[in-house]
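Chemist: Line by line, the protein sequences are chains E and D. Under my numbering, the first sequence has 106 at position 106, and the numbering climbs by one with no breaks. Under my numbering, the second sequence has 34 at position 34, and the numbering climbs by one with no breaks.
You can take every hint at face value.
So these bits of chain E aren't anywhere near chain D, every CB distance computed over 12 Å:
no.	residue
1	Trp63
2	Arg70
3	Pro76
4	Leu86
5	Ala94
6	Pro156
7	Glu164
8	Val165
9	Phe169
10	Ala207
11	Arg214
12	Leu218
Output of the computed footprint for chain D on chain E, the stretches with three or more beta carbons under 8 Å from beta carbons of chain D:
no.	stretch
13	33-40
14	118-125
15	134-142
16	183-194
17	235-241
18	270-281
I should point out that these hints are in silico values taken from the structure, not numbers from a laboratory. Being a predicted model, the structure only gives us computed values, none of them experimental. Positions of the beta carbon are idealized from the N, C-alpha and C atoms, including for glycine.
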Amino acid sequence: MKGTAQRVVRGLRPLWHRRRRSIIPILFLAPAAVLFALFVLYPIAASLRLSLFEWHGIGPKTWIGLGNFRALFADPVFNTAFRNNLIWLALIPAAPAMGLAIALLLDRASARMRLARILFFLPFVMSQVVIGIVFAWFFHPDLGLLNQVLARLGGPTVAPLESEVGAIFAVIVAHLWPQTAFCMIIYLAGLAILNPALEGAARLDGARGWQILRHVILPQLWPAHFIVAMVCVVSALRSFDLVATMTRGGPYDSSNVLAFYMYEQAFLSLRYGYAAAIASVLFALAACCVSFFLWRMLRAEK
Amino acid sequence: MLRFVFSLADAASGEMKEAPAARRRPRAHVLRNLVIIVLLSLWLVPLLGVALTSMRSIEDLHRGNYWGWPSDIFILQNYWQVLFSAGMGRFIVNSLIIAVPAVLGTLVVATMAGFALAAFRFRGNLIILALAIGGNLVPFQILAIPVRSMIDGFGLYDTRAGLILFHTAFQTGFATLFMRNFIRQLPVDVIDAARVEGIPEHQILIYVILPMIRPALAAVAVLVFTFIWNDFFWSLILTYSSDVRPVTVGVLSLRGMWLTSWHLLAAAAMLAALPPALLFFLMQRHFIAGLTLGLSSD
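Given these sequences and hints, build the entire structure.
Modeler: Okay, here's the thing in structure tokens:
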């Protein structure tokens, strides 16, 4: 027995020496690969598969093919949630626009204004739960600053978070706050490495203000546009914390989004198959966007 | 792309350039500063409101003073009550117990993997990178049900260890990408020289690479700490008892308790926001370098 073991070890040793260059990186890579495969890759596959079953957490899973998806498209809450995700995607470009504006303003500011960029960035490092509480207080019908200001101006009282039309927009406004901060910091970094000679040349040619911004500055910022666009799209689709904190999808599911509806169906109603189907739709949406960005990135590389 | 992002990170973390145009036209300069100050005040109004409310007495709220200056400063009373009577102290400790080991675990695993991807050439390198980026961008919901079953299967449901394990695994993708990009920028001849000397690879990693990648470790650490501290979704679905729940879920459970005690809720929210904000103030350079670099690939 012992002899066999020794022979195996002796037999392995030349293999180890011969293939050391390929075994060592695999060993270094192994913990990360195992964790990533177990907690990211496998769950994606398992969720996609689960979306074809009916399952309530206990007992056997029943295969129902595309039944969950058929039910989804007839489900009014799903349709609202899907529509709200699209509204979110449509409004998210406001974040890069405002972020770029603030960055342009801060880029030429004096060194004394450095504190300003830190303070502008502050919302991004705060938890979205805190941001949700901050904005719930801001939009509060009786206590909120919004209504206090409106009352001073003689305007009507508004309760955006209690309105079936307004709730989703109030949540998106809250989301634009940290997202604008993120875009600002990326654009500031991009502006700091512009080639000043190009702007000088454009000025010599008689270009001014807007023309310089459109034809000289914006094109040079394209990698920043790219990063900002990808992160904004993904964060718009991921939106969960703010909905959970500010409205819980209400009133009457009018501000529900796919991420929150999936949570409700899975962990409150225990309809796991159905929830997996919602997650699969969300995943497909995100995958389309991300692969578009990755494709552009790889193409730019060539 | 990569070169751009690196210079982006340098620019963001380094000294900002002085504006020549501004120096030439002092009046425009003053105007610009004025606009910045006005905008910044508007920008921070929602936050200032909550900060002020966290210092109010309940009488102030009853009197209808919601946004004005507090008539009595109640900082100590409110924060003391929130920290010790309402259990925010325990939530904060839980968040630390979860975030610190998860950050350390991520650093160890990602440094090894980043080193392997940067210092060795082997097939599939590009696919691994694409997976790491893509994996970091997926919506959490597609992972939720299987991850919860798995954590439950390991006997880690409703434990801090379960959250530590999951966060380490999830943050590894981003962190690996970052470490790999950073290690690739190091001078190659140092690694080659060490190899010629016959130093084993793990010693090269510890004695040659590690001292050179401290800035990268700092960047990953502050960013991953902030992500984990601010996590809400995973804490919500992987824990349920307030003995193990972290601060984000904790604040929300307090809200259910204090429907009208806005001053206490505000104090709790400020406490939850404080650690990442402090970390950002102290380590801005690393924070921003992490943010710009981590999004790169090549």
